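Chemist: Taking numbering that gives the first Met the number 0, the leading residue of the sequence shown gets 0, the next gets one more, and so forth.
What follows is a list of derived Cβ distance ranges for each label pair: (1) S96 - D137: 51 to 59 Å; (2) R77 - W106: 42 to 50 Å; (3) R117 - E92: 33 to 41 Å.
For the record, the hints were derived by calculation from the structure and aren't laboratory data. Keep in mind it's a predicted model, so treat the numbers as computed, not measured. Ideal Cβ placement from N, Cα and C applies to all residues, glycine included.
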Amino acid sequence: MFDTPMLFIVLATTWSAVVIELVIESARTRGRELVAFGSVLAAPGGFAGIWILCGVSATAALAMVTAVAYARGRRLERRMAAELDGRWEEISERSASDATRIRLLSWRVAELQTLTDRLADDRAARRTGPARLVVVPDSPKDVASGR
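Please model the complete structure; the sequences and the hints are all you need to start from.
Modeler: Written as structure tokens, this is what we have:
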């Protein structure tokens, strides 16, 4: 797989190596000549050569900072996308379990309503039928004495 952030870091590192070589070789001429890999590229003079070397060094630093920031941003983006996918999966799982729970509860409520209706009907039937008297003795002594 092609990894773009790594490519940017490699390119920035390569540019930094070229700039380091340019600065080191040009420093030997005290900035009077811009020298890279043993070849004289230009001879702008002392003051202008130093400013050119500073500018080229700044571009190398900027390239490296940009490449590293891009790589960190992409890594953060991938991590956040994975977390978001996990959250959506959790939400959908919770939604499915809530729907199942609601269906189960609605079935249970209907069953409880049926049982309540049946008990109410039985109670009404007992009230309309002949009255029954149930005598519960107080204690075993009362039963033995015949009270």
